[in-house]
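**Student:** Sequence:
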Amino acid sequence: MIRTLTFSIASALLLAAAGPAAARGDRDRDQDNLREAAAQGQVIPLNRLIADVRSRAPYSNMTYLGGPQFDARQMVYALKFMDGSQVVIVYVDARTGRIVGRRP
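Residues -23 to -1, 1 to 81 in mature numbering (1 follows the signal peptide of the UniProt record, and there is no 0) are what the sequence shown spells out, letter by letter.
Derived by calculation from the structure, the hints in this document are not laboratory data. Some hints here could point you the wrong way.
Simulated restraints, written as ranges between beta carbons of each label pair [as the list claims (entries may be wrong)]:
id, residue 1, residue 2, range
1, D7, R80, 27 to 37 Å
2, R12, G44, 16 to 26 Å
3, G61, A14, 11 to 21 Å
4, T73, G44, 34 to 44 Å
5, G61, D3, 26 to 36 Å
Just so it is clear, CB atoms sit at the ideal spot from N, CA and C, and this is done for glycine as well.
Turn these sequences into a full structure, and let the hints guide you.
**Tutor:** Listed below in structure tokens is the structure:
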């Protein structure tokens, strides 16, 4: 009984530890895919996307917060801006530079 319980707890701990490592692996793969796509000209460089969004109203009056996130499946960046006291997330297609969404 104690041996089974010990094995169950050890297995649960190993599985819990594997989750974050797997997530890091996915992010690393996303970054590798993004670098390869940028090198092949399939996506617009991030600094150019940020500059383009910042040049458009109403984002030109907002502060860019940095820390962009990339969704490799949709090829979309999430860029964070501060509008007064509210955080605004702008979703930008990495291939075209088109704004495809905003929250809020």
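**Student:** All the hints need checking, so say for each whether the structure fits it.
**Tutor:** Outcome of the hint check:
1. D7 <-> R80: 27 to 37 Å: At 21 Å between Cβs, range violated.
2. R12 <-> G44: 16 to 26 Å: holds (18 Å)
3. G61 <-> A14: 11 to 21 Å: Given about 35 Å between the Cβ atoms, the range is violated.
4. T73 <-> G44: 34 to 44 Å: violated (22 Å)
5. G61 <-> D3: 26 to 36 Å: holds (34 Å)
The structure is inconsistent with the numbered hints 1, 3, 4, although it conforms to all the rest.
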